[in-house]
Amino acid sequence: MARIMIVDDSMMMRNTLRRILEKAGHAVVEEAVNGQQAIDNYPKCLPDLVTMDITMPGLSGIDALKGILEYDPQANIIAVSALGQKHIVFEALQNGAKNYVLKPIHEDKLLSVLEMVLEQNGFAESH
Amino acid sequence: MLNQYFGHYLLNKGILNNVQLREVLDAERSVKVKLGLLAVNVGVMTAAQVEDIHNLQRTRDQRFGDLAVAMGFLTSVQVDQLLTSQQEGHLSIMQAITDKNYMTLSAVETALSDFREEYGITTSDAETEDETEIIKKLVDFSSAADKADLLYNYVGLIKRNAVRFLDDPSFIFIQNSTGKAAQSKWFVSQQIIGDITLSAGFLMEESVLLEIAARFYGEKLTRVDELALDSVGEFLNVNNGVFCSSLSDRGLMTDLQPPVVIKQDGEIDKAVNYRVNTATSFGDFEIILSLA
Chain A
1 MARIMIVDDS
11 MMMRNTLRRI
21 LEKAGHAVVE
31 EAVNGQQAID
41 NYPKCLPDLV
51 TMDITMPGLS
61 GIDALKGILE
71 YDPQANIIAV
81 SALGQKHIVF
91 EALQNGAKNY
101 VLKPIHEDKL
111 LSVLEMVLEQ
121 NGFAESH
Chain B
128 MLNQYFGHYL
138 LNKGILNNVQ
148 LREVLDAERS
158 VKVKLGLLAV
168 NVGVMTAAQV
178 EDIHNLQRTR
188 DQRFGDLAVA
198 MGFLTSVQVD
208 QLLTSQQEGH
218 LSIMQAITDK
228 NYMTLSAVET
238 ALSDFREEYG
248 ITTSDAETED
258 ETEIIKKLVD
268 FSSAADKADL
278 LYNYVGLIKR
288 NAVRFLDDPS
298 FIFIQNSTGK
308 AAQSKWFVSQ
318 QIIGDITLSA
328 GFLMEESVLL
338 EIAARFYGEK
348 LTRVDELALD
358 SVGEFLNVNN
368 GVFCSSLSDR
378 GLMTDLQPPV
388 VIKQDGEIDK
398 AVNYRVNTAT
408 SFGDFEIILS
418 LA
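Residue numbers (the working numbering), protein chains in the order written: chain A, 1 to 127; chain B, 128 to 419.
For the record, the hints were derived by calculation from the structure and aren't laboratory data.
What you are looking at is a predicted structure, and each value in this text was computed from that prediction instead of being measured.
Even glycine gets a Cβ: it sits at the ideal position worked out from N, Cα and C.
Possibly wrong hints are sitting among the right ones.
Derived pair list, reagent style SDA-like, types lysine to any residue, alpha-carbon separation capped at 25 Å [claimed, not checked]:
(1) K161(B) to H106(A)
(2) K109(A) to A271(B)
(3) K274(B) to Q384(B)
From chain A, some residues computed to sit far from chain B (all C-beta separations above 12 Å) [as the list claims (entries may be wrong)]:
(4) D9
(5) P73
(6) Q74
(7) N121
(8) G122
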């Protein structure tokens, strides 16, 4: 079971992600509705993984990702985007995202990517 | 799909009313079997393979048969055979209209001939059912010049995504709307910026917003609150994301701004270039498109 922070300005998306993650046995320890809130809340909850919406009002998901990594270079962040464009995904990965998922969120795909990121970055089930 | 446009032609001409049209489209829908189901039924694909393709269609705007061939699940010959069997099992709207005694067969044939003549739809159009070509005959984006094709593609994408995400095949376009916006409608819009600048959105009444929100979210929603507004915004966001992906395939780089949902009283911005009325089984809404 991983401790996860969800970052998305859309309540619908936060609810959807929470539903999928909790159903899979993970704990959603924090939700942030914008990039700045994500940066502010990360140190308080120190999640095992962050799902980061790329397109948000105010501070972008890319900038929020950079902000979190500045605090914690080991942070596991999965970029979430409605855009399937290579350059957006590439930008997220270049700036430190460990992987990405596209909207609309497909449950199996999200969980597969999440488990891969956690496994590749030393997350143990007993954590 | 030509049937859907013919059905709305009958509605516009006052030959069928809204209730009758929805009944015949539902009757048509209840008989038509999806290609994936047919493939599983005859044993050429597994249910898991069908599900993989349906999931892929939500991020790639491609036909089931094309994806099945690309992924090696089916051959082109098998796709053709499945399409043939689908067509043979298809209860046409014409048959549904006569079965319900809304029109005589002779009247249907006359109306169909008038419809094809009025919209310049040839026999080959009807046979190939090329959706883009049919949309071009019903919606006029010619003033967009070299960007017209993008707008036709956008409108077609909305229709396909309504089937994929809202489970509503009764999705029909009628002519560009030039009427004034009714009072107090909800306007959800999003800016696409970059190599092209396009504002794309929907204008709809509250009941339609709630239905779209509920269908996309997957749960019943009874009031217009943050969840409902976000859900509609996400439907637009997903649709526009797929559109932007198709633009990048054409070498056009674009980004999306976050969607915005507001209550619109009176007319929307007069700079709006195009308004397309679309009809679903749960109500009508307008696609609002503005090019920079």
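### Task
Would you list, in rising numerical order, the hints stated earlier that this structure does not obey?
The structure breaks hints 2, 4; every other hint is satisfied.
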